[in-house]
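With the hints as extra help, turn the sequences into a complete structure.
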Amino acid sequence: MLDHEIEIEKDGAKYIMKDHKYYAYYQFGLQRTGTTIIDRMIRDNFKFNKANDLTPHTVKPPNADLLTWKHELNVPKLLRPGLPVVLNHKNPYTWLESMIYRRGASNGAWQNTYGETYKTQNQWERNKTRIDVEANGTCYPDQMLRCYKHWFNTWLKYYDENKETTMLIKWEHLLYKDLREDIFDEMWKKFNWPEYEFPEYTWAMHSGSSQPMTKDRIAYYVKSVPTQLEQRFIDMVPKIMGEDLMNRLGYSIL
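So the sequence shown is numbered by my numbering: it starts at 95 and just counts up by one.
Hint data in this document are derived by calculation from the structure and do not stem from the laboratory.
Backbone N, C-alpha and C fix where the C-beta goes; we use that ideal spot for every residue, glycine too.
Accuracy of the hints is not assured; some may be wrong.
Distance ranges between label pairs, derived from CB positions [stated by the list, open to error]:
#1 G176 / A313: 38 to 46 Å
#2 D105 / D310: 38 to 46 Å
#3 E280 / N247: 23 to 31 Å
As structure tokens, this is what we get:
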């Protein structure tokens, strides 16, 4: 077995081989935006692993200087030159609802993950919007949305500056077979990855906070209207995210 990394370039595409596995891209997106399912689809179709996984996560995330955690808010300094970056995002309304009400997605550990910035600078708003959810702990929707806005401010800028080597995937497009195929066709062509046979993908319950992707769930995400969010949190989304960002991403303001 190999115990070191070998950089490979073939047909214009760069890879890293380690322990007989190919690592060919980085992926970044906040929790509940499709990082796991996109990762599984790339592994199934192209047989590539995330280069994020090459960096041992031996410190508490996030720390952009030391690791390439897939939920990193900022651009890590350890990105390997030449490897593509896959970014993914979800409608802020349904994302916020998922974070608050999907068990395990937004407990106290998530709140502490992103450091002290949003706890100290926005302490009044943070406490004002606090909500305690059964089986999911204490949530701060204001802080969540500010983290999400920060993610977009960081990664959309990266995308705009690196369009030739970056894919920006809208989670809602994964709901449609033809759009999934378009996404992977673009990925194949842009990154010079080997051809593939795209299988019909079965949406699995890949984590403890996931729910079966039934027809009703698909309809919910297609409609993109939250069913559990209080009106004050619905109103908060465009206020914090900003209308310009919502419009750029193609999300209607409720």
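Structure-based check of all given hints:
1. Between G176 and A313 the CB atoms are about 41 Å apart, so this pair conforms to the stated range of 38 to 46 Å.
2. Between D105 and D310, the C-beta spacing of about 43 Å keeps the proposed range 38 to 46 Å intact.
3. A beta carbon spacing of about 24 Å between E280 and N247 agrees with the range 23 to 31 Å that was offered as a hint.
Of the hints listed earlier, there is not a single one the structure fails to meet.
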